[in-house]
Amino acid sequence: MKIKYFAWIKDITNNEAEEINSEKINNLDQLKTFIIKKYPDLKKHFDKEVLRFAVNHEYIIENINLDTNDEIAIFPPVSGG
Amino acid sequence: MKIKYFAWIKDITNNEAEEINSEKINNLDQLKTFIIKKYPDLKKHFDKEVLRFAVNHEYIIENINLDTNDEIAIFPPVSGG
Amino acid sequence: MIKIQKEDFNSEEEINKIKILYPNLGAITSFTGYVRNKNNNKKVESIHLEVYEAMAYKQFEKIINKANLKWDLIDCLIIHRYGKLNVNSKIVLVSCFSAHRKDSFESCNFIMDYLKKDAPFWKNEFYSKKNKWLANSN
Amino acid sequence: MIKIQKEDFNSEEEINKIKILYPNLGAITSFTGYVRNKNNNKKVESIHLEVYEAMAYKQFEKIINKANLKWDLIDCLIIHRYGKLNVNSKIVLVSCFSAHRKDSFESCNFIMDYLKKDAPFWKNEFYSKKNKWLANSN
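Chains as they are written, first to last, in the working numbering: chain H, 1 to 81; chain Y, 1 to 81; chain B, 1 to 138; chain W, 1 to 138.
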């Protein structure tokens, strides 16, 4: 699945997009666990619950199942307008 | 004093402005009485209280005193915007 | 800035002239009113807008002053046309300039409310064979 | 009509292109947001607006659909810029087109509320010596 990072999240991941596929990742919670392990500096932000998650361009709050074709985005609170 | 008429009031007075000066006209109520006498077709509109009055470009509801230099306007409800 | 005129206008140009004076400005809310091709189920061909010009300037100033007491406004622009206006023509533009969105939105709506009630303009609506003076319902 | 672009735009031209399609249209309310020269008491030199473009289109469509359920709208226009924007630059235009004023006013405000909450844009504000990512407070 394709993971995209925006705004200051990118400064932590040093990466604006990457492909992550693992048999251990079948849902959003498992993906979050994987990403925190890969980028420990993100943990405090996940814990503070300020980050937002989108799957295929829709905001997702609950722990939905993920498919290898999905595009998942992780980003801080928005500031458009 | 100068009297101005607007919109369909003009169609009744056949006049968009006129000078009216009389010793009998010292306040707005006396002016109204004078005008109704001059233009009897206006009476029903005065009676229905749909008309608005302005003295020197300010809306006036109460019976204020008038001066020979005043500009008094009589008009129907507005419809700008 | 208050303008009462027969001529059409370019909103972008009129607004930019004011905007460029204020680099601390973050929000502009604008309302534009147009002549519609129908009203009360009748086909409209044009309107004639009559104005009591000196009073209109005075009333617009009073309305803007009232808005300034209630909101943090940087500037206000009212352009109101009069004379013969065809369908699709602009009738009025009200733009409210402020640092933040809420002030510009609320004041623009407020000014339109008062303009509809107090601005001495009268619409004479022309249909194919007759015409009718209107009164604002709101 | 939804546009997400780097380029500046002329609001009058963009709005006229839509207006001219609808002779029954009587009311347009527009909100324009600009880059301010200061924010939180700091002197701003420019902002960099990052966008998640595909998601932004989808979210704008959803917001417009929600507005259409609540108000009688003839059309809606959203133009949102991204990239480097200097002080005084337009950031966003939201225009709501309707027969009557109330629908255009309320829907324009509603769309701006949702845009501020849900549209995936991020402002990176540049001062003379540093920069800071912002979050919308309202």
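Treat the hints loosely; a few may be bogus.
[Claimed, not checked] Label-pair restraints from in silico Cβ distances:
(1) Y127/W <-> D41/H: 20 to 26 angstroms
(2) E7/B <-> E18/Y: 27 to 33 angstroms
(3) G83/B <-> Q30/Y: 31 to 37 angstroms
(4) I12/H <-> E61/B: 22 to 28 angstroms
(5) I61/H <-> M1/B: 44 to 50 angstroms
(6) E61/B <-> E49/H: 46 to 52 angstroms
(7) S89/B <-> N56/Y: 30 to 36 angstroms
(8) E18/H <-> Y127/W: 17 to 23 angstroms
(9) N65/B <-> D29/H: 37 to 43 angstroms
(10) E18/Y <-> K102/B: 32 to 38 angstroms
(11) K3/B <-> N16/W: 16 to 22 angstroms
(12) V87/W <-> T68/Y: 52 to 58 angstroms
(13) K84/W <-> K129/B: 45 to 51 angstroms
(14) K84/W <-> Y127/B: 20 to 26 angstroms
[Unchecked claim] Capping the alpha-carbon separation at 20 angstroms, the derived lysine to any residue pairs in SDA-like fashion look like this:
(15) K102/W <-> D118/B
(16) K62/W <-> N109/W
(17) K17/W <-> N10/B
(18) K38/H <-> M1/H
(19) K17/W <-> K132/B
(20) K116/B <-> I61/Y
(21) K10/Y <-> W133/B
(22) K4/Y <-> N37/B
(23) K38/Y <-> H57/Y
(24) K116/W <-> H57/H
(25) K117/W <-> K38/H
(26) K132/B <-> I61/Y
(27) K17/B <-> V92/W
(28) K90/B <-> I18/W
(29) K116/W <-> K38/H
[Stated by the list, open to error] Where chain B lies over chain W, by a calculated footprint (3+ residues, C-beta under 8 angstroms):
(30) 4–16
(31) 28–35
(32) 55–61
(33) 105–112
Treat the hints as calculated values from the structure; they're not laboratory data. C-beta atoms are modelled at their ideal positions from N, C-alpha and C, and glycine is treated no differently.
List of violated hint numbers, smallest to largest: Of the numbered hints given earlier, those the structure breaks are 4, 8, 9, 10, 13, 14, 19, 22, 23, 25, 26, 29, 32, listed in rising order.
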